[in-house]
Amino acid sequence: MRETIQRLTETFGPSGFEERIRAVIRDEVEDLADELQVTPLGSLVAIRRGSGGGQRIMMAAHMDEIGVMASYIDEKGFIRLAPLGGVYSITCIGSRVLFENGTMGVIGLDEKRQDKKQIPSLSELYIDVGATSKEDCPVRVGDAAVFVRTFFAQGRRLVAKAMDNRIGCAVLIETMRRLQKTPHEIHFVFTAQEETNLSGAQTAAYGIDPDLAIAVDVTGTGDRPESRPMAVQLGQGPAIKVQDALMIAHPLVREWLVAAAERINVPYQMEVMEGGTTDAAVTQLVRAGVPSGCLSIPCRYVHSPSEMVDEEDVEGAVRVLVEALSTR
Amino acid sequence: MMLKELSEAFGPSGNEKAVRTILRQALEGQVDRMWVDALGNLHTERQGKSRNRLRVLLTAHMDEVGFMVIGHDDSGGLRIRPIGGIDPRVLPGAIVWVGPDRVPGVIGAKPIHLQERGEGEKVDPIRQLVIDIGAKNKEKAQEAAPVGTTAVFATRFRELGPTVIGKAFDDRVGCAILAALLLGEPPRHTLHAVFTVQEEVGLRGARVAAYRSEPDCAVALEGTIADDLPKEKDASPTTELGQGPAITVMDRTFIAHRGLVQLLTHTAEELGIPYQIKQPGIGGTDAGAMHRVRQGVPSAAVAVPCRYIHGPVGMLNLADFENCSRLMHESLARLTVRTLRRE
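Chains as they are written, first to last, in our numbering: chain A, -7 to 320; chain B, 414 to 756.
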């Protein structure tokens, strides 16, 4: 699974520009699905038809990652940027970014900025691609870029950019590989545009009209020095969501995941996340309402270029999902 | 000129009737279908002549920013709240039309003679401003403009060299372009053109219009922010007047469909129509609501740059207006199923 995780995290795919990551995931799941579809907004749907008598289930993991977009290019070829998703200025400074056309850039900070005691705003940052003028700048306004950082594994910990949420994609792909028999009709959806406005999952769910929906995504942890209190810790098993900033998980979906974890003795944690949300926040409100929940992978440094997860949590998530989806 | 008539019409969000009437009269008998929906959107449809025709939803919003009366002073002033986003700095001294019968009023301000030192440097929030319609007292004011009455800026349309000035170019300029598209030669694709309501207060009309339409793709036609005046710092102008129609790649409400953006830019380049990419990450349009309706709608937004929007007087360049119309017309003629396909 490590190779898959590395391949997924190192692929280009900011919100709205998911062509490459979609192609990589398509390649991974083509032989594991009965049918593949791409939605009008670009989500990839891999359908597994079960033996019958089960539910229609939507499993959602977003394939887009945060990034930046070129918003203005000055006379000397420096590029101002706009965020694609939740981008923090302090993790940007000194970072490298990669545009779809292969251009690399370094993020710099205005030296003569207004108030040096304040955390810089994104408008005080720029991208330097080594250009000398607007004319020789290989980037155009509207081009998107992602952060660059190589994958590494150390002990049980895996670190990469875009672990949010390529790790969720990896969990779904591995679940598809291991899932032998299921009574359910399962729509594995690799959603687009989660980081910007959750529109990929919302529209995919409308098309699928599922009986229940589960998002697989990362969640925060409370186990770092001086971190805000949160019960979730890295390495203590996948987290079953109770609630986050925009949704309360459906109790039956929650209990269904808890029961699966207990049947196969996979350690798990209950998750209450105060900030942030997932695709499940919109799937629950589609059409007449869809019972929705989340299985989360604890992750440190979310939305930085070095997001860290624990391999055992990832393995546990796959096992819980395979168990839950195998039974009625 | 239709833009003049549309610009001067009274139509704050939720009270778009006067604008709707102008458009209805202009399009009566010129389209295959026309109807008004539950929220007040004016729908029109022109059947496409191609065998492989797509269904294209085009929107322009009829509503404009304005004010609502929420109370009355003892001295006869009308207490107000904004409808849509309005900068309080541009208000004191502005003339407004109150109610659809256009009772004239002025937004009052303390004379400079009575101001304390430094007072003029502060901005009064809208809740502290009143509209003065010359009412003698509270009763007269209540009679003339009861709570719930709406008001808009009172600005006459004027030509000014290559530009025109007027109010509500956001988005009467979009309405004018959309009406012109409908009145042109028979289209290749079926055009479902909707003049929407309540965009300025949350993209509400477009959302239900897209639900009804079930289109293959959608384009919002807009009048957008141009902030190209000299500034202290070399920052990015959102758009610039006279540089051609502005194409959105991303704003606060959506990311445009890549195939549609390419269709627009390639069409412009092929025909030598000037265009600009609107500075990403700013503002929002009906496309923000339309793209996420039902199973999702590939969407784009094209706009005429306008200076000073959401204020008493806006300014736009007529060449941008013409080029925007032409770009839309030519792009629609080149749109195919392939434009929208995702692998």
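Since the hints were made in silico from the structure, they are not lab data.
C-beta: ideal position from N, C-alpha, C; glycine also.
Careful, some of the hints might be misleading.
Now the stretches of chain A that chain B is said to cover, found in silico as 3 or more residues with beta-carbon under 8 Å [said to hold, decoys possible]:
| id | region |
| --- | --- |
| 1 | -3 to 10 |
| 2 | 165 to 179 |
Keeping only pairs whose Cα atoms sit at most 20 Å apart, straight-line, the calculated SDA-like set for lysine to any residue is [claimed, not checked]:
| id | chain 1 | residue 1 | chain 2 | residue 2 |
| --- | --- | --- | --- | --- |
| 3 | A | 68 | B | 650 |
| 4 | B | 430 | B | 462 |
| 5 | A | 68 | B | 641 |
| 6 | A | 126 | B | 641 |
| 7 | B | 551 | B | 593 |
| 8 | A | 126 | B | 650 |
| 9 | A | 126 | B | 417 |
| 10 | B | 523 | B | 559 |
| 11 | B | 417 | B | 679 |
| 12 | A | 126 | B | 547 |
| 13 | A | 126 | B | 593 |
| 14 | B | 462 | B | 653 |
Partner residues are not named here, just some residues of chain A that face chain B (Cβ under 8 Å, in silico) [what the hints assert, rightly or not]:
| id | residue |
| --- | --- |
| 15 | 34 |
| 16 | 37 |
| 17 | 185 |
| 18 | 256 |
| 19 | 293 |
| 20 | 296 |
Each hint tested on the structure:
{"no.": "1", "hint": "-3 to 10", "verdict": "holds (count 3)"}
{"no.": "2", "hint": "165 to 179", "verdict": "violated (count 0)"}
{"no.": "3", "hint": "A:68 with B:650", "verdict": "16 Å, holds"}
{"no.": "4", "hint": "B:430 with B:462", "verdict": "32 Å, violated"}
{"no.": "5", "hint": "A:68 with B:641", "verdict": "19 Å, holds"}
{"no.": "6", "hint": "A:126 with B:641", "verdict": "18 Å, holds"}
{"no.": "7", "hint": "B:551 with B:593", "verdict": "46 Å, violated"}
{"no.": "8", "hint": "A:126 with B:650", "verdict": "15 Å, holds"}
{"no.": "9", "hint": "A:126 with B:417", "verdict": "39 Å, violated"}
{"no.": "10", "hint": "B:523 with B:559", "verdict": "24 Å, violated"}
{"no.": "11", "hint": "B:417 with B:679", "verdict": "31 Å, violated"}
{"no.": "12", "hint": "A:126 with B:547", "verdict": "56 Å, violated"}
{"no.": "13", "hint": "A:126 with B:593", "verdict": "37 Å, violated"}
{"no.": "14", "hint": "B:462 with B:653", "verdict": "36 Å, violated"}
{"no.": "15", "hint": "34", "verdict": "5 Å, holds"}
{"no.": "16", "hint": "37", "verdict": "11 Å, violated"}
{"no.": "17", "hint": "185", "verdict": "6 Å, holds"}
{"no.": "18", "hint": "256", "verdict": "36 Å, violated"}
{"no.": "19", "hint": "293", "verdict": "24 Å, violated"}
{"no.": "20", "hint": "296", "verdict": "20 Å, violated"}
In this structure, the hints that do not hold are numbers 2, 4, 7, 9, 10, 11, 12, 13, 14, 16, 18, 19, 20, in rising order.
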